[in-house]
Amino acid sequence: MTDSIVRKFDEIQDMWFDRFDMNDKEKRKNDNNLLTKRILKSKIGEASTFNTVHNFYTAVYIFNNLFNDERERKSMFNGRNEYDFILCAVRDVDMKLKKIFLLQDDTVEDEVNEFLNRDLNEIDEVMTECYKKFKR
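Mapping to full-length UniProt numbering: the sequence shown position 69 is 69, numbers consecutive.
Mixed in with the good hints there might be a few duds.
Simulated pairs of lysine to any residue, SDA-like, Cα-Cα distance not exceeding 25 Å [what the hints assert, rightly or not]:
{"id": "1", "residue 1": "K41", "residue 2": "M15"}
{"id": "2", "residue 1": "K25", "residue 2": "R38"}
{"id": "3", "residue 1": "K132", "residue 2": "N113"}
{"id": "4", "residue 1": "K132", "residue 2": "N23"}
{"id": "5", "residue 1": "K37", "residue 2": "D119"}
{"id": "6", "residue 1": "K27", "residue 2": "M127"}
{"id": "7", "residue 1": "K8", "residue 2": "V126"}
{"id": "8", "residue 1": "K8", "residue 2": "N32"}
{"id": "9", "residue 1": "K41", "residue 2": "R7"}
{"id": "10", "residue 1": "K27", "residue 2": "S4"}
{"id": "11", "residue 1": "K37", "residue 2": "N121"}
{"id": "12", "residue 1": "K27", "residue 2": "D3"}
{"id": "13", "residue 1": "K27", "residue 2": "E114"}
{"id": "14", "residue 1": "K8", "residue 2": "L34"}
{"id": "15", "residue 1": "K8", "residue 2": "L40"}
{"id": "16", "residue 1": "K41", "residue 2": "D24"}
{"id": "17", "residue 1": "K27", "residue 2": "D10"}
{"id": "18", "residue 1": "K37", "residue 2": "W16"}
{"id": "19", "residue 1": "K132", "residue 2": "I12"}
{"id": "20", "residue 1": "K29", "residue 2": "F17"}
{"id": "21", "residue 1": "K27", "residue 2": "R38"}
{"id": "22", "residue 1": "K27", "residue 2": "T128"}
{"id": "23", "residue 1": "K25", "residue 2": "L35"}
{"id": "24", "residue 1": "K132", "residue 2": "R19"}
{"id": "25", "residue 1": "K37", "residue 2": "D18"}
{"id": "26", "residue 1": "K25", "residue 2": "D119"}
{"id": "27", "residue 1": "K132", "residue 2": "D3"}
{"id": "28", "residue 1": "K29", "residue 2": "D14"}
{"id": "29", "residue 1": "K25", "residue 2": "R7"}
Each pair of labels, with its calculated beta carbon distance range [what the hints assert, rightly or not]:
{"id": "30", "residue 1": "M15", "residue 2": "K41", "range": "14 to 24 Å"}
{"id": "31", "residue 1": "E114", "residue 2": "K29", "range": "17 to 27 Å"}
{"id": "32", "residue 1": "N113", "residue 2": "K25", "range": "34 to 44 Å"}
It should be emphasised that the hints constitute simulated quantities derived from the structure, not laboratory data. Here the structure is a predicted model, which means the values were calculated and not measured. Beta carbons are placed, not taken as given, at the ideal position from N, Cα and C, and that holds for glycine.
With these hints in hand, go ahead and build the complete structure from the sequences.
Put into C-alpha cells, the structure is as follows:
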C-alpha cells in the first residue's frame, strides 16, 4: 500500500510542477529533492527507513491540509482517519519486510483505497484552482 500511495502522490506532484515553466536543469534538481522521486528511484522501489516513511507521511499530511483549503470539497482522506493513518503508519513499521501495518482504525484502509482510486482529473481541477490562487 505504501508503494501505491507514493506513486499516487508522485503523479500529483508531476501534475502540479508541470504548471511551472522550468528548464531541464531545474526539473532534474526538483526531482532530486522530491521525496517521492527519491523513494521511487531507490533500489528497492519503496520506503526503506523509518525516517523516510515518517517524512513522507508528514509531507502527505501537510499537502492534504493545503490541498483541502477549500472545505466544500471532500477530503482526500476522511478527516480524523487521515491523522490516524499517519500515526499508525509510522508507529508500526516492519523494517525487515519494509511494510507498514495499519492497525488502529478499521476504516483507514478503505479511506486510503478511496484516495488511491480518486480520479486524477478531479485532483487536477482543484490543483488548477489552487495554482490560480498561488499565482495572484
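Query raised in the report: So does E114 sit 17 to 27 Å from K29, Cβ to Cβ?
Result: Check failed, 34 Å falls outside 17 to 27 Å.
Query raised in the report: Are K132 and D3 close enough, with their CA atoms no more than 25 Å apart?
Result: violated, 31 Å
Query raised in the report: Taken at face value, is the distance from the CA of R7 to the CA of K41 at most 25 Å?
Result: holds, 11 Å
Query - Pairwise hint evaluation, D119 against K37, where the allowed Cα distance is 25 Å at most - result: holds, 21 Å
Query raised in the report: Going straight from one Cα to the other, do K41 and D24 come out at no more than 25 Å?
Result: holds, 18 Å
**Report entry** K132 paired with N113 [C-alpha distance capped at 25 Å]
**Finding:** violated, 29 Å
Query raised in the report: Holds or violated: K8 with L34, Cα cutoff 25 Å?
Result: holds, 14 Å
Query raised in the report: Would the pair K8 and L40 pass a check requiring their Cα atoms to be no farther apart than 25 Å?
Result: With Cα atoms ~11 Å apart, K8 and L40 stay inside 25 Å; holds.
Report task. Starting from K27, check that the Cα of S4 is at most 25 Å away, please. Result -> OK: K27 and S4 at ~23 Å, within 25 Å.
Query raised in the report: Within a Cα-Cα threshold of 25 Å, do K29 and D14 meet the stated pairing?
Result: Since the Cα atoms of K29 and D14 sit roughly 14 Å apart, the hinted pair holds (cutoff 25 Å).
Query raised in the report: Is the Cα-Cα distance between K37 and N121 25 Å or less?
Result: holds, 21 Å
Query raised in the report: Does F17 lie within 25 Å of K29 when you go C-alpha to C-alpha?
Result: holds, 12 Å
Of the numbered hints listed earlier, those contradicted by the structure are 3, 13, 26, 27 and 31.
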